[in-house]
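Spelled out from the first residue to the last, the chains are:
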Amino acid sequence: MSVSVRGLDVDLEGRPVLRGVSLEVPAGAWTAVIGPNGAGKSTLLRAVLGLVRPRGGAVRVAGEDPWSLTPRRRARLVAYAPQNPNLPPGMTVFDYTLLGRSPYIPLLGRESARDRAVAAQALDRLDLTGLAGRPLDRLSGGERQRVVLARALAQQAPVLALDEPTTALDIGHQQQVMDLVERLRRDDGLTVLTTIHDLTLAGQYADALVLLSGGRVAASGPPGEVLTAEAVGAHFGARVHVAPGPDGRPVLSLERSRGEGR
Amino acid sequence: MRTREAARLRPLPLAVAVLVLLAAMLAALLVGPAGLPAAGVVKALADRLPFVHVDSGLAAVDRNVLFELRLPRVLLGAVVGGLLAVAGAGYQGVFRNPLADPYLLGAAAGAGVGATLVIVVLSDRPTPAVPLASFAGALGGVALAYGLGSTAGRGGSGTATLVLAGVAVSSFLASVQAFLQQAKAEELQRIYSWILGGLGLADWPTLAMIAPYAAVAVVTLLLHGRLLDVLSVGDEEAASLGLSAARVRLTVLAAASLATACAVAVSGLIGFVGVVVPHVVRRLAGGSYRIVLPLSLLGGAAFLTVADLVGRTIVAPGELPLGVVTAFVGGPFFVLVLRAVRGRAEP
Ligand SMILES: Nc1ncnc2c1ncn2[C@@H]1O[C@H](COP(=O)(O)OP(=O)(O)O)[C@@H](O)[C@H]1O
Ligand SMILES: [Mg+2]
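Chains as they are written, first to last, in this note's numbering: chain R, 39 to 300; chain X, -16 to 330.
It should be emphasised that the hints constitute simulated quantities derived from the structure, not laboratory data.
Yeah, the Cβ is synthetic: ideal placement off N, Cα and C, and Gly gets one too.
Keep in mind that a hint or two might mislead.
Said to hold, decoys possible - Just some of the chain X residues that point at chain R, by a computed CB distance under 10 Å: (1) A(-2); (2) R79; (3) A157; (4) L206; (5) S271.
Taking the hints into account, I'd like the entire structure generated from these sequences.
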């Protein structure tokens, strides 16, 4: 299930947010969208999900235009973990995960034993089984982020759209979540589109990076080509040192500005 | 494994709620100016069940009190209380706001204007047009409050703004209603006793008049419990989960307004039931709308039955208007709910 975006223009509240954005995520691949705050990463993801109406250009998920699909069909195609999810206080982790089954539950019906089993399995994969009965408002930041991911997994959609899935996680949980997404991609053949603001992390896991800046694609391609010290300097205003890691993927380190501090 | 079960109404809380309601209704049937013997009342009621024949031993006059005065009033109280509470729960799901209530949202006042219009213009008796006009009025009231609230509250802070807008709309609509009533001032006492908020009009035809609308509203609301749970993650996420958020909103809004309209058309303006009851239910049994909606229906019925009982006994032989009793309980309670909501929003 490939994702294809061509010449996408999106306006929000009359202001241009995306201009001429194109990207291709082949079926079963992982593409990460990077870029400074406000570049339009989340908006791009929402356009792929059919949640915002493009002003121009085309979005195709598995060959279909998500905006014109019914919400149910769309939800069976793309699962979404938003950057700032609403976690209804009092709802349990299990019930929240079960929300991911909505596109399969008859409108006025109730969930089946299979829906419950899929939700339980999603929790299991994310090491959350022990928290299944815990209300959402009594979770740590990292646990919350994993619960949102569990809901997306329970959706069993061939395309995963994850908006900053690792922001609130410590380094161990970042690795755990990214490894898990990688395993899903490999084992279940999922197509993954994520935004990640940790550039090294993006470069370690994604097959391809798309650098958004000011609503336009500034660079795209394999991590080694996109993550250059010049590009990071130009678009993030940061001075970094880029060196290939053990597997050849780029590793970024910040350089302290000389003359600052001490 | 218990944790692998979804939130849904379990038998125990349901049974407790039913028992509480039945106990409240029985108490309300027994207490009144004409003392009725408990055993006789129970037997007389059982006698009315199909295939059951018992001799109640009640005198004809007592039977008359029971079946023509007490029973319709108790039933109407239960129906109105259930409708207001389940409507409140529905509005709370639609607006994702635990303070939403038919009374505070302007729905009840709108329904009052609608009903008054029909009575003033068309006839001086309850007609099927009354609930329909109330319905239109209720929808108008909510739309006004919501429109005003979202204009005034641009950029967030929704919870309180919506209620403030609702209060403003309610006051405005109440004055419209007062104006309409003045047009027929001479008949005010006789015809519009319901405006004070009470069950004085209770009789079988009144019950029959609202029954079909109430049934449609309640069934629709109860069917939407799971969808309201999905909606609790917000419109955009609900859409990403396959829900047509706007359609669910509109359906629940219409059903809650119809429920409100039925209640207002026969009992006038009774506030706070829709805030108090769902809040208590949430605390006791869980926050899923699959639990909150049905238990609010039962709890609201029990609550208003007791409130009416208190209203007509505490100052006997006088009678406190029902709306006064619920406001006495509900006002302070409202502040508690507000505090709980605020405490959660600003940890
Ligand atoms: N709902 C919205 N309405 C109007 N403008 C928005 C909305 N959401 C985001 N924007 C604007 O669009 C731009 C891109 O936002 P976003 O896609 O969230 O960026 P990123 O995820 O890269 O930080 C920002 O300038 C932001 O202010
Ligand atoms: Mg973002």
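Index of numbered hints that the structure contradicts, given in increasing order: 1 and 3
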